[in-house]
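Participant: For this one, chain A is given, so just place chain B on it according to the hints.
These protein sequences, in sequence, are chains A and B. Just so we're aligned, residue 0 is where the first sequence starts under numbering that gives the first Met the number 0, counting upward by one. Just so we're aligned, residue 0 is where the second sequence starts under numbering that gives the first Met the number 0, counting upward by one.
Quick caveat, the hints were computed from the structure, so don't treat them as lab data. Positions of the beta carbon are idealized from the N, C-alpha and C atoms, including for glycine. Among the hints, a few may not be true.
For each label pair, taking beta carbons as the anchor points, the in silico distance ranges come out as [as the list claims (entries may be wrong)]: (1) 62(B) to 154(A): 51 to 59 Å; (2) 88(B) to 345(A): 30 to 38 Å; (3) 247(A) to 101(B): 54 to 62 Å; (4) 198(B) to 222(A): 51 to 59 Å; (5) 42(A) to 190(B): 38 to 46 Å; (6) 159(B) to 55(A): 28 to 36 Å; (7) 260(B) to 45(A): 38 to 46 Å; (8) 345(A) to 127(B): 40 to 48 Å; (9) 128(B) to 214(A): 54 to 62 Å; (10) 147(B) to 61(A): 34 to 42 Å; (11) 55(A) to 195(B): 20 to 28 Å; (12) 101(B) to 339(A): 50 to 58 Å; (13) 163(A) to 188(B): 44 to 52 Å; (14) 133(A) to 64(B): 46 to 54 Å.
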Amino acid sequence: MKKNKSTEPNQAIRVKDPLESLRGAYRLIRPIQSILGLLVIFVVAIVISPRARGDGSIIFLSEGNLTNILRQVSEIGIIALAMTFVILTAGIDLCVGSILALSASITAFLLVKWPDPTASSALSTGVHIAIAVSAALALSTFLGALNGATIAFMRLQPFIVTLAAMIGVRGLARWLTNNRNIDVGFAGATGETATLGADPGVVFANFFTKNMVIALFIGSAILFGFVLRYTVLGRYIRALGDNARASLYAGLPIKRVQIFVYALSGLMAGLAGVIHCAQNHQGSPNDGMAFELDAIAAVVIGGTSLSGGRGTIWGAVVGTLIMGVLRNMFRLKGVDSNVEMMCKAVIIILAVWIQRSRS
Amino acid sequence: MKRIDFLALGLSALPMAATLTSGCGKSEKTNDRKYLVVFSQCNNAEPYRAAQNALLENICAEYEDIQLEIMDAQQQNQNQIAQIETAITKQPDLLIVAPNERGPLTKIMGQAMDAGIPTICLERDILEPNYTTYIKCDNYEIGRMAGQFIADHLKAKYGQVKGKIVDLRGLLGVEGEINRHNGARSVLEQYDDVEFVQEAVADWLQSRARERMTEILSAQEQIDVVYGHNDPMAIGAYLAAKEVGREKEMIFVGVDGLGSEGGGIAKVMSGVLAATFIYPLCIDKAMEIGNQILRTPDFKPDKEYIMPSQIVTPENAEELYQKVTLQ
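Okay, chain A solo, but in the shape it has when bound (with noise of 0.2 Å):
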């Protein structure tokens, strides 16, 4: 191409040509290039998905496997959704796994639990749920609240409160439930008993369908994004983040602000651990270890600044499908966990650089 435009006669006057239609390829890809990076795993995926044995049709595309995808990461993706909040305010939350856990425990102990099933109990299905899911969601919030109430007031750096809130958090859960998980809605293994209708375990984990959990991941987003991007709680956000002492000068409600981003990431935390309750018929204490790394992960990725002040939720969605794209790929192939956990590293080192060199 060099050589082209060096023979050409008019040279000198167009010597700026090969770096416009540079620009001209940036005009053109620069809409897609938040998802430059999803994209390229996309079909490298495509390209590398094992073929159905009947038809040889791509199992990677499949309907089945797009949504399993979408289910699989909406926890990670709901919670990431809040944390990128919490970033943007230039703080993290590391309890997020624990509150996962105690929310999923608590849910499934009101349901299965309480009232005493053995009694009969004068709770309609529908309350119970309501109450059980409230319940469970209420304290989640409340624990988020209290880490961003400890780090308005007492002026606590958030890793420090949060990675403190992780500790205690998580054994809270597992005291609450003396260790042991408590198993949701396996009245129906094997079908059909009497009460099956009535059982909340049951009607419980069968709301939350495929399509429910990728729709409230969605949803989710949707308000995320509106939030942040019209409203004035969104520059709030933002804006201490950015400068957190000009946003004081300014006379924003800092504390405010920072206690709403923590009982929210709990909120959603919370939200996320009732749906894998549902999912997994089941409430672990041990269950959403390092999802609070997976959420960063998936955040960071998303090209959101550590620093705080500079990110968006269509970052945090588009950095939880690179995340879920690259580890459905590999499970497909059936590759060794090990060598995806190495793979994994150096995708979130690339999509982090690649994010930094467009800024």
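Facilitator: This is chain B only, laid out in the frame that chain A set:
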């Protein structure tokens, strides 16, 4: 029970507190006839071990003269070493250790023996025989039994031993994982037509197994048997298969066979699992031997007791459920 768990949790979270409480424990033991039994548990946060703790508490509650302390090492060797050090300073009448790992725990258990404390090694072995007696479970034999059950099932299904098997593995490198795996393989690898179509590591967890199985189901059009190295993983696989309506195509085989409504035996009764294999809690045997050590001065225990496993199928599940479930 809760209080003890809480104590154990606090102990392991704060090694400082451990030393403090050790002082208290001693001063509380005013009644000379009260025996102090310390159980160093490697990780409370596993259903199997929670069941062990519960059974031990139940047994000890029957003896007025036994004071029980359970310490949780939270799957950390250094925690467990510190706890046993603490226990040695208390001079308990009986020390039961469920070692987290064989290498790191060998020396400290030797120190307990040197301090004259009768020490029972529970279920996992250590490198040197630094124990009074060892209550052993044979994971390899359990794996072999599972392999035989799978072979019999395939033979009944196809008239010969052939089929596609999915293997769901626990944390790699753990003794139980290795032997449950190898035991089953030793039986099934004799048959050329048995194919292990996929092997996934699900770290003993139901949620992770469900996730892994979702993808395995996409990639494999036919599966005959899912062998989970513990019950929760087999149940997780069942949930994934049920979601796509394929749970009738294959059978699910687990290991552990815990009692109570959350355990594997109940899942055999409800038809989720085709079979599970009881991994004995061992702690009842340990207390039986322990009581003899405490109360019979000349008692000489064997160096090793092997606890037999047992297959749980729908035929005997009900009966075993009553037997294994507490209270």
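Participant: Work down the list of hints and note, for each, if the structure agrees.
Facilitator: How the hints compare with the structure:
no.	hint	in the structure
1	62(B) to 154(A): 51 to 59 Å	holds (53 Å)
2	88(B) to 345(A): 30 to 38 Å	violated (49 Å)
3	247(A) to 101(B): 54 to 62 Å	holds (57 Å)
4	198(B) to 222(A): 51 to 59 Å	violated (41 Å)
5	42(A) to 190(B): 38 to 46 Å	holds (41 Å)
6	159(B) to 55(A): 28 to 36 Å	holds (30 Å)
7	260(B) to 45(A): 38 to 46 Å	holds (44 Å)
8	345(A) to 127(B): 40 to 48 Å	holds (43 Å)
9	128(B) to 214(A): 54 to 62 Å	holds (60 Å)
10	147(B) to 61(A): 34 to 42 Å	holds (36 Å)
11	55(A) to 195(B): 20 to 28 Å	holds (24 Å)
12	101(B) to 339(A): 50 to 58 Å	violated (29 Å)
13	163(A) to 188(B): 44 to 52 Å	holds (50 Å)
14	133(A) to 64(B): 46 to 54 Å	holds (48 Å)
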